[in-house]
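Student: Line by line, the protein sequences are chains A and B. Start counting the first sequence at 288; every next residue gets the next number (the working numbering). Start counting the second sequence at 94; every next residue gets the next number (the working numbering).
Hints were generated in silico from the structure; no laboratory data involved. There may be inaccurate statements among the hints.
In silico SDA-like cross-links for lysine to any residue, where the CA-CA straight-line distance does not exceed 20 Å [to be verified]:
{"id": "1", "chain 1": "B", "residue 1": "K336", "chain 2": "A", "residue 2": "R671"}
{"id": "2", "chain 1": "A", "residue 1": "K438", "chain 2": "A", "residue 2": "N311"}
{"id": "3", "chain 1": "B", "residue 1": "K336", "chain 2": "A", "residue 2": "D530"}
Each chain is listed here by its residues.
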Amino acid sequence: MSEKRNITIALAGQPNTGKSTVFNQLTGARQHVGNWPGKTVEQKTGSYTCQGHVYHVVDLPGTYSLTANSLEETIARDFIFEKRPDIVVVVVDAAQLERTMYLLSEVLPLPSPVILALNMMDVAEKEGCHINPDILEQQIGVPVVPMVAAKNKGVTELTEAVHQFVYGRKEYIPSIPILKGNHQRLLTQIQSIIKGNVPSFYPEDWIVLKLFENDAAISTLMGNHLPTDQWRKLTEILNQNQDGSLVMASTRYAWIQQIINAAIERTSRDRSEVRRGRFDKIATHLFWGVPLAIVIILVAFIVAVTASMPIITIGTSGLPTLITWTRQTLTGAPDWMIAMIADGLMTGVGMATAFLGFMVGMFLVIGIIEDVGYMARVAFVADRFMSRIGLHGKSFLPMFSSLGCNIAGVLGCRVVDSWQQRMMTLVMGTHRAMCGCVGTCWLCGCALFRQHDAAYYNHVANDACCLVILYRIFVQTNDC
Amino acid sequence: MLKKELLKWSRKLHKWVGVYISILVAIWLVEMMVLPAAMNPGFPTLNQAPQAVISSENQPIPLEQALKSLMDQQPDGLSSTAELDEMVYLPKKGVYRFANRERYLEWYVEAKTGKMLTNGFDLNSLMKEKAMLGWTHPIIAGIVRGPFYFLFVFLGITGCYIVFYPRRKRKRRQSVMTLSLLKKGQVAVVRGLFGEQRFISRVSAMGFTPDTQVTTVQNSKRGPLIAYLRDTQVGLSHGEAAKIQVEGIEQ
Numbered sequence: 288m289s290e291k292r293n294i295t296i297a298l299a300g301q302p303n304t305g306k307s308t309v310f311n312q313l314t315g316a317r318q319h320v321g322n323w324p325g326k327t328v329e330q331k332t333g334s335y336t337c338q339g340h341v342y343h344v345v346d347l348p349g350t351y352s353l354t355a356n357s358l359e360e361t362i363a364r365d366f367i368f369e370k371r372p373d374i375v376v377v378v379v380d381a382a383q384l385e386r387t388m389y390l391l392s393e394v395l396p397l398p399s400p401v402i403l404a405l406n407m408m409d410v411a412e413k414e415g416c417h418i419n420p421d422i423l424e425q426q427i428g429v430p431v432v433p434m435v436a437a438k439n440k441g442v443t444e445l446t447e448a449v450h451q452f453v454y455g456r457k458e459y460i461p462s463i464p465i466l467k468g469n470h471q472r473l474l475t476q477i478q479s480i481i482k483g484n485v486p487s488f489y490p491e492d493w494i495v496l497k498l499f500e501n502d503a504a505i506s507t508l509m510g511n512h513l514p515t516d517q518w519r520k521l522t523e524i525l526n527q528n529q530d531g532s533l534v535m536a537s538t539r540y541a542w543i544q545q546i547i548n549a550a551i552e553r554t555s556r557d558r559s560e561v562r563r564g565r566f567d568k569i570a571t572h573l574f575w576g577v578p579l580a581i582v583i584i585l586v587a588f589i590v591a592v593t594a595s596m597p598i599i600t601i602g603t604s605g606l607p608t609l610i611t612w613t614r615q616t617l618t619g620a621p622d623w624m625i626a627m628i629a630d631g632l633m634t635g636v637g638m639a640t641a642f643l644g645f646m647v648g649m650f651l652v653i654g655i656i657e658d659v660g661y662m663a664r665v666a667f668v669a670d671r672f673m674s675r676i677g678l679h680g681k682s683f684l685p686m687f688s689s690l691g692c693n694i695a696g697v698l699g700c701r702v703v704d705s706w707q708q709r710m711m712t713l714v715m716g717t718h719r720a721m722c723g724c725v726g727t728c729w730l731c732g733c734a735l736f737r738q739h740d741a742a743y744y745n746h747v748a749n750d751a752c753c754l755v756i757l758y759r760i761f762v763q764t765n766d767c
Numbered sequence: 094m095l096k097k098e099l100l101k102w103s104r105k106l107h108k109w110v111g112v113y114i115s116i117l118v119a120i121w122l123v124e125m126m127v128l129p130a131a132m133n134p135g136f137p138t139l140n141q142a143p144q145a146v147i148s149s150e151n152q153p154i155p156l157e158q159a160l161k162s163l164m165d166q167q168p169d170g171l172s173s174t175a176e177l178d179e180m181v182y183l184p185k186k187g188v189y190r191f192a193n194r195e196r197y198l199e200w201y202v203e204a205k206t207g208k209m210l211t212n213g214f215d216l217n218s219l220m221k222e223k224a225m226l227g228w229t230h231p232i233i234a235g236i237v238r239g240p241f242y243f244l245f246v247f248l249g250i251t252g253c254y255i256v257f258y259p260r261r262k263r264k265r266r267q268s269v270m271t272l273s274l275l276k277k278g279q280v281a282v283v284r285g286l287f288g289e290q291r292f293i294s295r296v297s298a299m300g301f302t303p304d305t306q307v308t309t310v311q312n313s314k315r316g317p318l319i320a321y322l323r324d325t326q327v328g329l330s331h332g333e334a335a336k337i338q339v340e341g342i343e344q
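Given only the sequences and the hints, what does the whole structure look like? Please build it.
Tutor: Dropping the structure here:
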């Protein structure tokens with residue numbers, strides 16, 4: 288008899304492996320989008336039922352690895368350790384198996400059992416890669432489910448596999464990448480030092496491995512937990528072996544290759560050549576890449592505004608008549624009430640609806656560009672100019688969006704990697720001229736300068752900022 | 094190679110011409126202050142002819158009358174008209190200018206009334222003739238000043254070279270072969286990674302581990318480059334690619 292309990296499934300995978308598609312196929316409309324508690328990273332949770340049992344699915348942030356380098360990775364890692372989901376489903380891209388399995392190799396040593404979802408099997412078949420899931424399963428030791436999530440194939444198999452695993456009491460012995468030879472001696476050394484001083488919810492051998500890899504978060508954690516002389520001993524040993532992360536990455540990739548060589552049959556294709564489409568070549572072209580990007584983004588803006596026209600017109604056109612009607616109906620009421628409702632409430636809601644329309648259009652179009660994969664090319668061609676003002680190519684679109692509407696720009700800053708870069712993009716986009724929210728610039732100008740000089744100074748300050756930014760982007764070159 | 098040599102010599106030329114010009118300027122400044130005092134102590138220096146107060150509609154008095162009225166006013170440093178070797182009427186300023194070229198003194202007399210306006214040391218002529226060590230001997234001034242005009246032209250040419258050369262070629266000589274130096278289509282094997290811990294762990298997680306084969310898909314020396322490894326195209330900036338040590342392999 289199977290007990291009904293709350294089963295939590297964590298969905299992990301690298302970006303662009305189809306993880307969101309799998310999530311959407313599993314949960315359908317029963318999902319909730321929010322933020323990880325106290326963080327600015329998006330969190331999607333949902334649930335589905337299978338054979339009468341309810342499964343809660345948590346979509347972990349898409350990351351390339353589980354180091355402590357970024358917030359998303361820390362969130363993913365900590366979730367698995369603290370919440371101990373019953374199963375972690377790792378989604379990999381069958382057409383790019385070698386790279387996408389890196390995350391799997393990092394998730395396997397963690398305390399939760401893993402099921403491998405082999406997505407995009409159709410793309411792999413088209414490229415001539417025949418993957419045998421049974422051999423894969425045998426080699427890794429975890430259940431493997433081939434899927435084509437975009438076409439809704441394999442989703443039922445996945446839910447069945449999950450169900451069988453949770454309630455079926457199958458044996459689970461995963462294969463884990465193991466360090467060789469002389470590195471093992473170092474690991475035992477580290478283990479002997481930290482023995483007994485490890486916080487309870489981390490397994491000891493995992494901590495040893497992370498210390499070997501010079502993981503920043505774990506080092507700080509152990510620095511606080513260990514008594515000082517032991518910490519000093521540990522840092523001495525670690526300082527003599529600085530290349531731990533590189534060694535570990537090589538070990539993981541060696542493990543991956545060993546597994547893949549057994550499970551994949553490739554039809555003849557030169558592995559060192561990459562076939563690039565014509566569009567790809569133009570999109571990343573040294574000379575034509577930028578004009579193409581500008582044209583496409585402008586077209587995207589136009590499409591966004593056109594598509595959202597209906598909602599915007601609802602928000603703005605009906606407004607005057609509605610306001611006059613409200614005033615007429617409320618003639619008896621006190622002045623402040625009429626003002627609050629007619630001028631404040633109605634105008635506010637009307638403008639908000641108009642902006643909502645614009646947001647819908649913008650996010651629709653940006654989402655299409657992102658899914659198609661063109662966003663990466665834009666970031667690629669823009670990186671040359673963005674790096675001269677200290678940003679990365681990814682900041683290009685949020686800054687460019689600030690041209691039209693600063694709100695879209697600020698919301699779009701979510702895609703930028705590090706916190707400092709995000710703030711820089713945000714502030715630069717807001718305080719640039721020709722920005723939708725010029726009002727902010729004017730506010731600052733008026734706050735700092737005398738009133739009738741403020742207009743002049745605003746212009747000057749704005750122009751100066753623009754000139755500095757333009758100069759840095761187009762004229763000055765950094766030596767890097 | 095030739096261009097490199099030109100660049101090196103341009104830099105040297107700029108340095109030494111700069112030194113030369115600085116010395117000239119220093120000498121000029123010192124002479125401007127010292128020479129007038131040394132030659133004719135007590136006289137103010139004039140750089141320009143003073144302007145007459147009355148407008149120049151009326152006819153000026155004739156030269157002899159102006160001369161006579163000048164002597165009547167007993168100007169400093171002038172004992173007789175024989176000392177004057179230049180007498181000229183300046184219509185625009187409405188003054189007569191009487192000068193003793195040897196001692197570089199000049200006197201200005203108003204053209205209408207004959208009143209003496211100012212007098213003093215004519216600095217411009219002095220500097221033109223005697224500066225740059227010309228007070229020792231005229232030839233020395235020629236020697237000191239002569240190369241200047243010739244060098245000035247060179248300075249312009251080499252200055253342009255120095256400014257524009259780095260923009261054309263930004264090749265940094267490196268002793269280590271890195272990913273950023275590979276040409277399009279070249280295949281190489283990763284040998285090592287430089288840089289800080291964060292960078293190494295990110296890049297090695299993407300697949301850049303030792304003994305991995307990498308193909309350069311696009312490298313234009315400007316902007317990021319695209320490398321192909323482990324079935325993935327990876328975009329890297331030049332700074333990041335320069336931290337990946339590779340060894341090219343023959344195909």
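Student: For every hint, state whether the structure bears it out.
Tutor: A quick look at each hint next to the structure:
1. B:K336 with A:R671: Within the cut-off at roughly 18 Å; holds.
2. A:K438 with A:N311: With Cα atoms ~12 Å apart, A:K438 and A:N311 stay inside 20 Å; holds.
3. B:K336 with A:D530: The given pair, whose Cα atoms are some 15 Å apart, holds under the 20 Å limit.
In the structure shown, no violation is registered for any of the earlier numbered hints.
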